[in-house]
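One line per chain: the protein sequences are F and V, in this order.
For reference, each letter of the first sequence is one residue, going 1 to 286 in the working numbering.
For reference, each letter of the second sequence is one residue, going 1 to 209 in the working numbering.
To be clear, the hints were calculated from the coordinates, so they are not data collected in a lab.
Just so you know, not all the hints are guaranteed correct.
As the list claims (entries may be wrong) - Under the rule of at most 20 Å between Cα atoms (straight-line distance), these lysine to aspartate or glutamate pairs were calculated in the DMTMM-like manner: (1) V:K53 x V:D180; (2) V:K53 x F:D91; (3) F:K125 x V:E176; (4) F:K162 x V:D180.
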Amino acid sequence: MTHKPFSRNFYSLLVCVSLLLIFVSTKSYSQNLIIGPKPDGQVFTARVKQFGEFIARFNFTADFNGEPIDSLFSAKMTRSKMIFLLFDLKDKRTISENPGYPDSFNRLKSDFVVDVIRNKYLLKKNSTGIIAEARAKATFNGKPCLIRLFLNQETSSGGAVKWVLLSAKSEIFNNLPPDTTMVRFIPPASNETDFMNLKRALEDTGHLQDYASSEYEPDYLALFFYLIKTGQIRYEYVEETVYHIIGIPGWYIKVRDFNRNELNSGWLITDLKVNSLQLNDFLKTL
Amino acid sequence: MINKPFILASAAVLLSICAQGQTKTAVTSKQAKLADEINLSAADIEVFKDQTKQKVEELQQYIVTLGSKDEPDEKRNMAEKEALKLFYAGAQMEISTSMPDGTVQKINRPMSKYLARLKSLPYTKVIIRFYDIAYVSNFTKGPDGKYYSTATIIQEFTGYTKDDIAYKDVTKKEVEIIIDLVEDKFFQEKRWKIFLGDIKASETKPSNQ
């Protein structure tokens, strides 16, 4: 008979303790909100997190933690090794198991690194030879379209820096096909009639460019500004940014963000070519 | 005849007057001229780089608090209010999502709306963790006289419905950092202060690319 109250008390206590334990464990789990290290922090450290960090690593001025390179670090890691790590190591052109592997890209990479090291080439952070291509989503007369905006940096005498628009490219601007028939022109004697033929030419709206000089090059940036201003283009946002770099004499490198959870990730070199073009001519090739 | 400190002080006052009504992408020509005269030394910039990390940690702690359903409402409201104070007026949060077809969709929200949403997410429990590392780039002076930099942080978010994980992601956040000259009303002087600007958030992909 005395057992029952004890039993009841015991079970009540057990329930209370259990509830308390559940409460405490839940509470401590929910309180797991502290800022703490993660197992793949190594990936974060190795990842080229920002384009500026790409430049710092390329120039061998910062280690993986963003700290200035000291003798201890440089004893383990040379600049050439660091630059090799700035390439996309999954580039199919560099993997010998791939069919049609030519090895030429690997040779080009080696030549590039040797040239950079031998000549101690550095990438200037605000170089005009760094061209950012912002691939922007927009609509043109209500239809979705992609517009590629090219920007580089301008530095004032006071050292202030800003990005400026250089040019714009898009499929929507490609409505100016070149005249191959040579049937559209303003006749040679038109000047004597106060260019009466101009009216005829300017009514030929699908081929206006054919009446322009053979050296005529459309200014797509001006066109872009106009279409934005008139509301025909509605800008949304940049989907992706890639960098075209011609700031290293004799070379062109393309850098983009590889968003993957691996050591070789972030802003990496995705293409490399020999280049001799200056900015304006180079822009035309993009 | 006019000494340098006087020019700097006058410039600072004019800067603050001009600052009203301007946007981050536009300044008056007068202000642009004055901005050239006020510079931070390399040593100052290094100090600000360290302070930036503290500022970013402060934001992380506020986000953790206001996301947590276990915290009292008052504390979460306070965290929201204090977090907003860290930002430059008009700061936005851009969240990008990778779609199954490989395209990226982005949504822009004012920071106030982003923080308010974070507080009222439809989960019974939210756990937000940050990696204890942040990368802060060097500061560069802009034409408006302010100094700009970017901090990169990684956030792990887990939303629970009862005991089940309803949503989980790891996002990389690029936080714009701005050092601006502001008026300290108490001491009646101008001083440089760190603000957070726009944030770009993108999900880090576990798969190979």
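Results for each hint:
1. V:K53 x V:D180: holds (16 Å)
2. V:K53 x F:D91: Since the Cα atoms of V:K53 and F:D91 sit roughly 35 Å apart, the hinted pair is violated (cutoff 20 Å).
3. F:K125 x V:E176: OK: F:K125 and V:E176 at ~18 Å, within 20 Å.
4. F:K162 x V:D180: holds (16 Å)
Taken one by one, the earlier hints fail for this structure only at number 2.
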